[in-house]
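Each chain, letter by letter, is given below.
4 protein chains.
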Amino acid sequence: MSKPRVTVWNEFRHEREGGAAEECYPEGIHAVLAELFESRGFDVETATLDEPEHGLTEAVLDDTDVLTWWGHAAHEEVADEVVNRVQTRVLDGMGLIVLHSGHFSKIFKRLMGTTCDLKWRNEGERERLWTVEPNHPIARGVGEQVVVPEAEMYGERFDVPAPDELVFTSWFEGGEVFRSGCCYRRGSGRIFYFRPGHETYPIYRQTEIRQILENAVEWAAPENADAPSFGEVPVGPERRD
Amino acid sequence: MSKPRVTVWNEFRHEREGGAAEECYPEGIHAVLAELFESRGFDVETATLDEPEHGLTEAVLDDTDVLTWWGHAAHEEVADEVVNRVQTRVLDGMGLIVLHSGHFSKIFKRLMGTTCDLKWRNEGERERLWTVEPNHPIARGVGEQVVVPEAEMYGERFDVPAPDELVFTSWFEGGEVFRSGCCYRRGSGRIFYFRPGHETYPIYRQTEIRQILENAVEWAAPENADAPSFGEVPVGPERRD
Amino acid sequence: MSKPRVTVWNEFRHEREGGAAEECYPEGIHAVLAELFESRGFDVETATLDEPEHGLTEAVLDDTDVLTWWGHAAHEEVADEVVNRVQTRVLDGMGLIVLHSGHFSKIFKRLMGTTCDLKWRNEGERERLWTVEPNHPIARGVGEQVVVPEAEMYGERFDVPAPDELVFTSWFEGGEVFRSGCCYRRGSGRIFYFRPGHETYPIYRQTEIRQILENAVEWAAPENADAPSFGEVPVGPERRD
Amino acid sequence: MSKPRVTVWNEFRHEREGGAAEECYPEGIHAVLAELFESRGFDVETATLDEPEHGLTEAVLDDTDVLTWWGHAAHEEVADEVVNRVQTRVLDGMGLIVLHSGHFSKIFKRLMGTTCDLKWRNEGERERLWTVEPNHPIARGVGEQVVVPEAEMYGERFDVPAPDELVFTSWFEGGEVFRSGCCYRRGSGRIFYFRPGHETYPIYRQTEIRQILENAVEWAAPENADAPSFGEVPVGPERRD
Chain A
1 MSKPRVTVWN EFRHEREGGA AEECYPEGIH AVLAELFESR GFDVETATLD EPEHGLTEAV
61 LDDTDVLTWW GHAAHEEVAD EVVNRVQTRV LDGMGLIVLH SGHFSKIFKR LMGTTCDLKW
121 RNEGERERLW TVEPNHPIAR GVGEQVVVPE AEMYGERFDV PAPDELVFTS WFEGGEVFRS
181 GCCYRRGSGR IFYFRPGHET YPIYRQTEIR QILENAVEWA APENADAPSF GEVPVGPERR
241 D
Chain B
1 MSKPRVTVWN EFRHEREGGA AEECYPEGIH AVLAELFESR GFDVETATLD EPEHGLTEAV
61 LDDTDVLTWW GHAAHEEVAD EVVNRVQTRV LDGMGLIVLH SGHFSKIFKR LMGTTCDLKW
121 RNEGERERLW TVEPNHPIAR GVGEQVVVPE AEMYGERFDV PAPDELVFTS WFEGGEVFRS
181 GCCYRRGSGR IFYFRPGHET YPIYRQTEIR QILENAVEWA APENADAPSF GEVPVGPERR
241 D
Chain C
1 MSKPRVTVWN EFRHEREGGA AEECYPEGIH AVLAELFESR GFDVETATLD EPEHGLTEAV
61 LDDTDVLTWW GHAAHEEVAD EVVNRVQTRV LDGMGLIVLH SGHFSKIFKR LMGTTCDLKW
121 RNEGERERLW TVEPNHPIAR GVGEQVVVPE AEMYGERFDV PAPDELVFTS WFEGGEVFRS
181 GCCYRRGSGR IFYFRPGHET YPIYRQTEIR QILENAVEWA APENADAPSF GEVPVGPERR
241 D
Chain D
1 MSKPRVTVWN EFRHEREGGA AEECYPEGIH AVLAELFESR GFDVETATLD EPEHGLTEAV
61 LDDTDVLTWW GHAAHEEVAD EVVNRVQTRV LDGMGLIVLH SGHFSKIFKR LMGTTCDLKW
121 RNEGERERLW TVEPNHPIAR GVGEQVVVPE AEMYGERFDV PAPDELVFTS WFEGGEVFRS
181 GCCYRRGSGR IFYFRPGHET YPIYRQTEIR QILENAVEWA APENADAPSF GEVPVGPERR
241 D
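Chains as they are written, first to last, in this note's numbering: chain A, 1 to 241; chain B, 1 to 241; chain C, 1 to 241; chain D, 1 to 241.
In isolation and in its complexed conformation, chain A is listed as follows (with noise of 0.2 Å):
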């Protein structure tokens, strides 16, 4: 199988406010999940917000396996027409990862048709994510769990549909717990839900976080299966009189 093609897409507004997150990612999130992805020899393109359709034009999306999606402080200007596109192009296969804060994308939302909420506090607390299935090809490499430093808390109840595969379950400091890799599958395409990574701690350069997300990416790449058709069919084939 050839190498994935990624397009990373990044809300791309904290980082440019001057803060702690341009501290920690001063060229990006995108530009620190690219460098990842295109070290690992996959095809990568960046795309952001601010760009004309948010850098997701169909010819984008068309030459595209897998997308990865980070945004949280303006979700809901992403306009709905390329929403719309996105969608669409999962439906037909192509893997979509989510990421942190993505939980409340509109992307996610519509993908998953629920709310998508949940518990969070900031505190730099701990987190321990443990892996509950270890044969899960997400899971390759990774080790029985990953501590994370410093994090964002995300607690239950995370208000999704029960994942098709539940791969890792996360405990805080704080006393919470939190299902962490959630995969999905959705009309051709697949979806990854992944907690781990904030714009105020380098997660995204831990080398076990980066080890799922390559692995995140090659499961969700397409099968390049034949599509399936739909729509009105001609007399049963068995139909006898």
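You can take every hint at face value.
Just so you have them, the derived chain C footprint on chain D, three or more residues with Cβ under 8 Å:
no., segment
1, 104 to 118
2, 159 to 167
3, 172 to 178
4, 184 to 190
5, 224 to 235
Worth flagging that the hints you see were computed from the coordinates, not collected in a lab.
C-beta atoms are modelled at their ideal positions from N, C-alpha and C, and glycine is treated no differently.
Starting from the known structure of chain A, fit chains B, C and D onto it as the hints suggest.
Frame of chain A, contents of chains B, C and D only:
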């Protein structure tokens, strides 16, 4: 548990056009379903597309435990505001039973996140509805199979998320199969998609089909669980410095 | 629906050995559970390992709607014949609730097909049991989390099939997580694995835990569905020459 | 990834009895399957019931990535010790593909925990195998349906746990349906039950069926994940006094 309050929603267009649908359901599909649920002792209201707000005001939905949905030709005429309202109520716990051609309703596509597309052919074929999970509450008293003498065929691929529980699978004379009884949990609500039924076949008068519909209402009725809380939470109870 | 008939099975060895277990459950864990279920109006019997046939004769099982299982030190002493008998009854519709160290019982391993292994540590850690599916019948009236002041820790990887429904996930003081409330459907029967409980902690006297156990019995009670038929069937009803 | 090492296991009794089975598979079903997998470049061995230890020694299983299992008339002759050995290897990561009448094998019942019973009728009916999940790796290149001209019918209720993924559903001329392609994850291993095939029909010579079998082997091959660890663990890393 008290008997559920059911609102039967119907597009109610075909049955006023003077053809086979009017012959089959002269007072509307909703009238037949309402009579069924009343005969079971449920508290029943009806609502139709051409009423103000399609009959689905906040007040009506607040008093509804389970909403049944039949639509076919006018899905696009359902106002997005009403779709939003119904979605919110389902996620808050109201049950939803989506009937036959309701697979293409805005509300079902909204809650599933997929196209909900399928194959179809209307030739009055025999359908055999097989019980795949005989111990499911929705299969109670139904037996191993239900023969529907004449039906519109729906065939796989049915483009929905894999159901949380698959209760029935249909066989069609013409050679197709279909996942005809699909359970989903979304938010605090339960959703049942049930394939049989059509505006020109008296399927909703058939005893076994009525048994399934009664069962489905009872299954979909809310647990009256405490609503989960979401949003920012204070310092973690376990956090120590 | 009439109240379920519950048989509470207990290994009943630790509590007769004069140590912490006897102090905690002087008349046996089964006595405390029996008292709980009786207080809910259920019809309750108890059975223990050292009775003939472990107290689980055909007659007893035939009169049981839901069997609860607590064992720890003597799993291997349970006769295979009795395990076969219990498995058959579960597949025929009897509910089974497997408690805590019962994860390693012959009957649970038999029904799961896996090792059912896990990590553990007994240091009296605090456990926080989070409700992942607040609208599940087993979570009724339980609230968002239950704090167990002192518990033996069980940690992931828990080597079971992915549960059909995951209701609770535990957080432990020492840093682990665990899928603590797992629902399975096997044959015509329902199985609930529930982690909390131990012979030296008064967990089965805790109000919220008792609420969950009551809910679990009600959920696991059989639907009294018609048994499906199996084996050779005559010429297909649709077969034409 | 290197090509998987496949061991094709066959009961190999029917084909030596001089009737229709011998005509259809003169050198045994295993010979036809072995030839298929060799033609795909896999590393293939065969093993049969009447060999010592049924040909499934520790050494053979240690060198096997995916085991395929065909049995029918002599399930009871398979030694429990060998069943234990195969189960252990599956839980440790070996893939298992259970074919047709293998539904009643000791190893499949052991791994499922249920009776695995079903309805059947052997009249050479036409079977239509519909692809329910077209984007599943096992459906790659298969198309929307596969017509098997003559088959033994298997009908629901199929008494297995709800599959983790349902890939194919069959339609039969006589009026039945069946969940014919069922994926399970158990321990670190993957299991695929595939219905088509019979000792007197040349189904394993059919192109589309062979494509599915090749896909299934690739899907079931182990990830070579790190084995999870189990048992007592030391003081929790987060425990503070």
